[in-house]
Amino acid sequence: MRATVPKSRLTNRQREALVGLLLLLPSLLIIFGITLQPILSTLYLSFFKTGLGINIERVFVGLGNYLNLLGDATFWQTIGRTLYFTVVSVGLELLLGLGIALLIHAHPPGWKFLRAVLIIPWAVPTIVNGTLWRWIYNADYGALNGLLSKLGLIDHYIPWLTHPRTAMNLVILADIWHSVPFIAIILQAALATLPVELEEAAAIDGANAWQRFLYVRLPLLRFAILVALVIRTVEAFRVFDIIYVITNGGPAFGTVTISYLTYLETFSYGNIGRGAALSFLISLFTLTMAVVYIRMLYRPEDRA
Amino acid sequence: MPKIRHLRQKLGLFLLTIPVYLFIFLPIAWLLISSLSTRAELLSVPIHWIPENPTLKNYIDILTPGTATSEVARTFKITLRNSLVVASSVTIIALMIGSLAAYALVRINIPFRRQMMLGVIGTRMIPEVSLVIPLYIIATRMGLYNTLTVLIATYLCFALPFAIWMMGSFFETVPLELEDAALIDGATRLQTLFRVIMPISAPGLVSTAIFVFLTAWDEFFFALIFTSTVSAKTVPVAIAEFTGRYVVDVGGMMTGGVLAAIPPVILALIFQRYIVSGLTSGAVKA
Numbered sequence: 508m509r510a511t512v513p514k515s516r517l518t519n520r521q522r523e524a525l526v527g528l529l530l531l532l533p534s535l536l537i538i539f540g541i542t543l544q545p546i547l548s549t550l551y552l553s554f555f556k557t558g559l560g561i562n563i564e565r566v567f568v569g570l571g572n573y574l575n576l577l578g579d580a581t582f583w584q585t586i587g588r589t590l591y592f593t594v595v596s597v598g599l600e601l602l603l604g605l606g607i608a609l610l611i612h613a614h615p616p617g618w619k620f621l622r623a624v625l626i627i628p629w630a631v632p633t634i635v636n637g638t639l640w641r642w643i644y645n646a647d648y649g650a651l652n653g654l655l656s657k658l659g660l661i662d663h664y665i666p667w668l669t670h671p672r673t674a675m676n677l678v679i680l681a682d683i684w685h686s687v688p689f690i691a692i693i694l695q696a697a698l699a700t701l702p703v704e705l706e707e708a709a710a711i712d713g714a715n716a717w718q719r720f721l722y723v724r725l726p727l728l729r730f731a732i733l734v735a736l737v738i739r740t741v742e743a744f745r746v747f748d749i750i751y752v753i754t755n756g757g758p759a760f761g762t763v764t765i766s767y768l769t770y771l772e773t774f775s776y777g778n779i780g781r782g783a784a785l786s787f788l789i790s791l792f793t794l795t796m797a798v799v800y801i802r803m804l805y806r807p808e809d810r811a
Numbered sequence: 030m031p032k033i034r035h036l037r038q039k040l041g042l043f044l045l046t047i048p049v050y051l052f053i054f055l056p057i058a059w060l061l062i063s064s065l066s067t068r069a070e071l072l073s074v075p076i077h078w079i080p081e082n083p084t085l086k087n088y089i090d091i092l093t094p095g096t097a098t099s100e101v102a103r104t105f106k107i108t109l110r111n112s113l114v115v116a117s118s119v120t121i122i123a124l125m126i127g128s129l130a131a132y133a134l135v136r137i138n139i140p141f142r143r144q145m146m147l148g149v150i151g152t153r154m155i156p157e158v159s160l161v162i163p164l165y166i167i168a169t170r171m172g173l174y175n176t177l178t179v180l181i182a183t184y185l186c187f188a189l190p191f192a193i194w195m196m197g198s199f200f201e202t203v204p205l206e207l208e209d210a211a212l213i214d215g216a217t218r219l220q221t222l223f224r225v226i227m228p229i230s231a232p233g234l235v236s237t238a239i240f241v242f243l244t245a246w247d248e249f250f251f252a253l254i255f256t257s258t259v260s261a262k263t264v265p266v267a268i269a270e271f272t273g274r275y276v277v278d279v280g281g282m283m284t285g286g287v288l289a290a291i292p293p294v295i296l297a298l299i300f301q302r303y304i305v306s307g308l309t310s311g312a313v314k315a
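Protein chains in written order, with the numbering used here: chain A, 508 to 811; chain B, 30 to 315.
Among the clues, some could well be false.
[To be verified] A few chain B residues that face chain A, going by a derived Cβ cut-off under 10 Å, partial list only: (1) I57; (2) Y132; (3) P163; (4) P190; (5) R218; (6) M283; (7) V294.
[Said to hold, decoys possible] Derived Cβ-Cβ restraints for the label pairs, each shown as a range: (8) G540(A) to E100(B): 32 to 40 Å; (9) P140(B) to L559(A): 38 to 46 Å; (10) V74(B) to L535(A): 53 to 61 Å; (11) I47(B) to G659(A): 16 to 24 Å; (12) L55(B) to P666(A): 15 to 23 Å.
Source of the hints: derived by calculation from the structure; they are not laboratory data.
Treat the numbers as computed from the prediction; the structure is a model and nothing was measured.
Glycine residues also receive a C-beta, built at the ideal position from the N, C-alpha and C atoms.
Please construct the entire structure, taking both the sequences and the accompanying hints into account.
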């Protein structure tokens, strides 16, 4: 009996692996078909000069599209705007989200209600969020002008979306409204899991509230903050929907980010090769961030 | 004295929550008020913060359209149905196919399973814009342009990896002993999955389903690129189209916005607990 055990276990293992692979197969096929193959195909197309449509001629240009982009001021301005959007929106969202999380954690009266309704801006669809803010920013009838003039802060209505930098900042404001709840919810849940003993010990040792926050709470929250940061950075870098709805990339290209430029190149100008090169660059950035994220989720010290 | 100090502290904290409530509710209030206002009041200066003649006309125009209403308002109900069909189909497919994969990746000893799981997490982050050109070319060639099918198929690019990853993290928490007991009793892997793992992970499945549904309901980019008529357009595309070239139907746009926001907001409020556990499963797990 005993002698046969290792042998049958081996075949069992192989059978197991086979069952496992069969269970995986549908997912692998779908992921290959709609994600991996398109990425490779995009890379391939980025070496050609070609247009949309079935029978359009493809001219091989090698790295031409990439070199072209790197030498193009519009491309670098777009990268600059994308970074501005990403850094400012994610930075402010993190600060506000952390503030709200700490406030809820201090259990003000009605904190459970506050925690419940906080999810609403996050749940409102992005496009609804965008159209709503576009209406709020409306130059002639918008609520922003109405509110500010009622409060006496402006004496005449301002056409908010006609100045590039202002338009960008207002798109960021709309994004903040949508995403602050996401970060606040993550951080509040993380705060709720922290042991209170450490802070109590620090308090006994004479640490004031600020020191306790800076040296006890913040380091313990580090991981949750990093995760929120990476997820939001990836999302912010690819921003498209709210820009499409609020400004259409305008005024004067002032809110064109890298995703929007890819959209314009591909579907408005029909420069498929150039669009493919841009979207491959976005893939590269995302994959880099994905590696950072995975490294964080599966830190070596957690493996044990 | 300490009692008074405690009360003052509570009051201070409560005052701090007021700006947060304003931040959350002012835009929502303006969305609702705009949807209940007449065209004349929407275009009045100074603004009528509280409509003098509140009306349900915008809702009636969308829900029981007459001939006088705009094209977008008239077809809005169809786009609502399209969104519902697409989001539900994507959710069902992603959960069915994804649960098999998630189970295999967390519980069966397959070569490279760890690397495959990391690959799944990686593909989850790939933005749609990185995939859209080849998908557009293939969809056109296969005659799938402007169909609900192409939306369902392409939405799986974010829905499936997400579902696998999230269900995997829930399956991992099911005690191994339960599963071993079933396997020893002669259950097959599939039976174990459906009769032991899935029932125990029901809350996880609910939160995965809600997440996938909300993301699909929210999706705009593929719908914008892959559809051209009302037979396949989804709600986000319809709402974006209220901003026409010459006229903007603000009342209709805000009303469409309210109708589009109702399902996800209600889902989010009802399943709050599940959503929070989903949002934090990545952040708090380790």
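(message) Taking the earlier hints as the rules, which of them does this structure contradict?
(response) none
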